Each structure stands twice: as structure tokens, then as C-alpha cells.
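Let's have the full structure, built from the sequences with the hints guiding it.
For the sequence shown, position 148 (counting from the first letter as 1) is numbered 148 according to this note's numbering, and the numbering increases by one without interruption.
Errors might be hidden in some of the hints.
[Unchecked claim] Derived DEER-like restraints, expressed as beta-carbon distance ranges:
| id | residue 1 | residue 2 | range |
| --- | --- | --- | --- |
| 1 | G146 | G64 | 20 to 30 Å |
| 2 | F89 | R183 | 25 to 35 Å |
| 3 | T207 | A38 | 49 to 59 Å |
| 4 | T180 | M203 | 31 to 41 Å |
| 5 | A191 | A26 | 49 to 59 Å |
| 6 | R45 | P200 | 32 to 42 Å |
| 7 | R198 | V166 | 21 to 31 Å |
| 8 | L185 | A52 | 35 to 45 Å |
| 9 | V166 | E47 | 12 to 22 Å |
| 10 | P172 | K33 | 33 to 43 Å |
| 11 | E56 | T92 | 11 to 21 Å |
| 12 | L185 | D37 | 32 to 42 Å |
In case anyone wonders, no lab produced these hints; they're calculated from the structure.
From a predicted model like this one, the values you see are computed outputs, not experimental measurements.
Note that beta-carbon positions come from the ideal geometry of N, C-alpha and C, so glycine has one too.
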Amino acid sequence: MSGRSAAGWRRRSSTRTAPRAWRAWAEERLRGKELADAYNRTGAREEEGRRALLEETFASLGAGVWIEPPLHVAYGSRTHLGDDVYANFGLTLVDDVEVFVGNRVMFAPHVTISTTGHPVHPDLRRDGTQFSAPVRIEDDVWIGAGALIMPGVTVGRGSVVGAGSVVTAHVPPMTVVAGTPARVLREITDADREWSYRPPRTMRHQTG
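Spelled out as C-alpha cells, the structure:
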């Protein structure tokens with residue numbers, strides 16, 4: 001759990017010197033989870049009620065946002081969603097600091113955006129030390145199912161993140177990236193305007 005003020009390293013023990021701030025962060029976090037729980041209990045036809053809950057959950061909410069339950073948030077109040085954002089089932093937002101999502105962004109099922117990580121050495125994790133850095137998803141991005149977007153990353157305008165990718169570096173605009181860790185596969189060009197479904201290939205046995 002971290003404060004809103006800035007990205008960087010934080011230790012859990014540091015909050016002992018500021019119990020009032022700690023209580024405020026804890027309350028903000030609990031409220032976000034209560035709102036997400038309420039959203040996840042709504043029925044498929046309760047569009048107005050869902051919109052009202054999203055407006056209370058997020059820092060800002062554009063027009064035409066549609067989120068399929070379940071939704072999971074650390075805070076919710078640190079996430080900004082643009083217009084016409086669509087999120088399929090199971091979006092998880094670890095928004096210890098700000099997450100910025102642009103217009104017409106599409107999330108496939110079970111995407112995770114995390115602004116927070118921890119030190120590699122176990123001695124440094126014992127007191128809850130963590131770091132947080134904002135994540136930015138620019139306009140017209142499509143993020144595939146099960147992808148993980150790591151702290152501090154910007155996914156550039158118009159890009160596609162392949163299913164199951166772990167994105168640890170900035171994604172250039174108008175590119176297709178995939179893999180663990182994700183890497184650039186190719187640029188998106190005008191040739192992609194000519195689109196048709198391509199059936200999957202058949203796997204081949206490994207030899208040798």
C-alpha cells in the first residue's frame with residue numbers, strides 16, 4: 001500500500017510516523033474494493049447502476065465506457081479512463097499510483113495492469129518495501145487476453161499487445177508486440193487496412 005504523492009520506493013514502516021495518512025490510504029483502498037464488489041454484483045441489464053458505480057470508483061471516466069464484471073482494483077480512484085474504453089472479463093488494476101487509459105482502448109479477458117513491484121532481494125521485502133510508477137495506455141490500443149503490463153510502462157498509440165505477453169518496456173506507437181518479455185514483432189502499416197481472418201497453423205513435431 002502506498003501514498004498517492006509520487007512514484008518511487010516506499011517502506012511500510014514509514015507509515016508509523018504518519019498514522020493519519022496511513023488510515024486515509026487504507027480507507028481509500030477499502031472503498032475502492034467495496035465499489036468493485038458492488039459493481040461485480042450488478043446484473044447485465046443494470047446499465048445506469050453500473051455507470052454510477054464506475055463514476056464513483058474511478059478518478060475520471062469518459063463516455064461510452066463498458067467493463068464486463070468481474071473488475072478488480074487496488075484503489076480504483078487512481079485510474080483514469082478515456083472515452084469508449086472496453087474491458088472484457090477480469091480486468092485487474094493494481095493502481096497504487098496513477099493509471100492513464102486513453103480513448104478507444106480494448107482489453108481482452110484477464111488483463112492485469114500493475115503500477116507496483118518489490119525488490120529482488122528477500123531481505124528488502126520483509127518490511128513491505130515496494131516501488132510504484134504510473135502506467136499509460138495511449139489511444140486505440142488493443143491488449144490481448146492474459147497480458148500483464150508492468151510498472152512505469154507506456155503502451156503507445158494504436159499498438160497491439162499479444163495475448164499472454166509480459167510488457168516490461170515501453171511499446172512504440174503502431175506496433176505489434178508479444179512474448180515474455182514482450183518484444184516488437186512488426187509495425188502496423190496501411191497494409192493492415194486489408195484485413196481478413198487467418199485460421200491458425202498446425203503445429204509440427206520437433207525433430208532431433
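These are the hints, each one checked on the structure:
The supplied range of 20 to 30 Å is met by G146 and G64, whose beta-carbon atoms lie about 25 Å from each other. Between F89 and R183 the Cβ separation comes to about 27 Å, which falls inside the hinted range of 25 to 35 Å. For the pair T207 and A38, the supplied restraint of 49 to 59 Å holds, since their beta-carbon distance comes to about 56 Å. Judged by the Cβ atoms, the range 31 to 41 Å given for T180 and M203 is violated: they are separated by roughly 19 Å.
At about 52 Å, the CB distance of A191 to A26 agrees with the hint of 49 to 59 Å. Separated by about 36 Å at the C-beta atoms, R45 and P200 satisfy the suggested range of 32 to 42 Å. Range check, R198 to V166: about 25 Å between beta-carbon atoms, so the 21 to 31 Å window is met. Taking the beta carbon of each, L185 and A52 are about 41 Å apart, inside 35 to 45 Å as hinted.
As the Cβ distance of V166 to E47 is approximately 34 Å, the hint placing it in 12 to 22 Å is violated. In this structure the hint that P172 and K33 lie 33 to 43 Å apart at CB holds, the actual value being about 35 Å. Restraint check, E56 to T92: a C-beta distance of roughly 19 Å satisfies the suggested window 11 to 21 Å. Checked against the hint of 32 to 42 Å, the pair L185 and D37 passes, with Cβ atoms roughly 38 Å apart.
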